[in-house]
Amino acid sequence: MTKMLTNLQERIIARILAMSVSTSLYLREGHVNSLNNLKKKGFIDEHAYTMIQTHHLTPAGKTAFFADNDEVFAIEDIYDNCWIIFEDRKVIAQPRSEANAQRIVQALKALRAQEHRVAA
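First residue of the sequence shown: 4, per the working numbering; consecutive thereafter.
Read the hints as simulated data drawn from the structure, not as lab findings.
Straight line, CA to CA, 27 Å or less: simulated DSS-like cross-link-like pairs of lysine-lysine:
1) 112 - 6
2) 93 - 43
3) 42 - 65
4) 93 - 42
5) 65 - 112
6) 65 - 43
7) 112 - 93
8) 65 - 44
9) 93 - 44
10) 6 - 42
11) 6 - 65
12) 43 - 6
13) 93 - 6
14) 93 - 65
15) 6 - 44
From just these sequences and the hints, can you work out the full model?
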């Protein structure tokens, strides 16, 4: 299945989802082009410019982001300072290294598999 978002667009949306309500994400240069494409698709509010807050992300943007990914996954932050781990549409952790992010994702997937076996 073809993904609806580019890698950079996913990283932008992941950062927005991981931010607190009062925080802003500042975009520049090539990031602004991705932002404009997200706005054209209706995934970001048309009134967002180079400073984005959580309320600028539309329900369609959230749906596209989570449809493109598994139930448990990690995406590198737009600023390359951490990895953002999601489970069931929620931010779980933000480890600093890719190795730690992958360990957490694998552990969460194993736990989910174990929970499904016990429930069955």
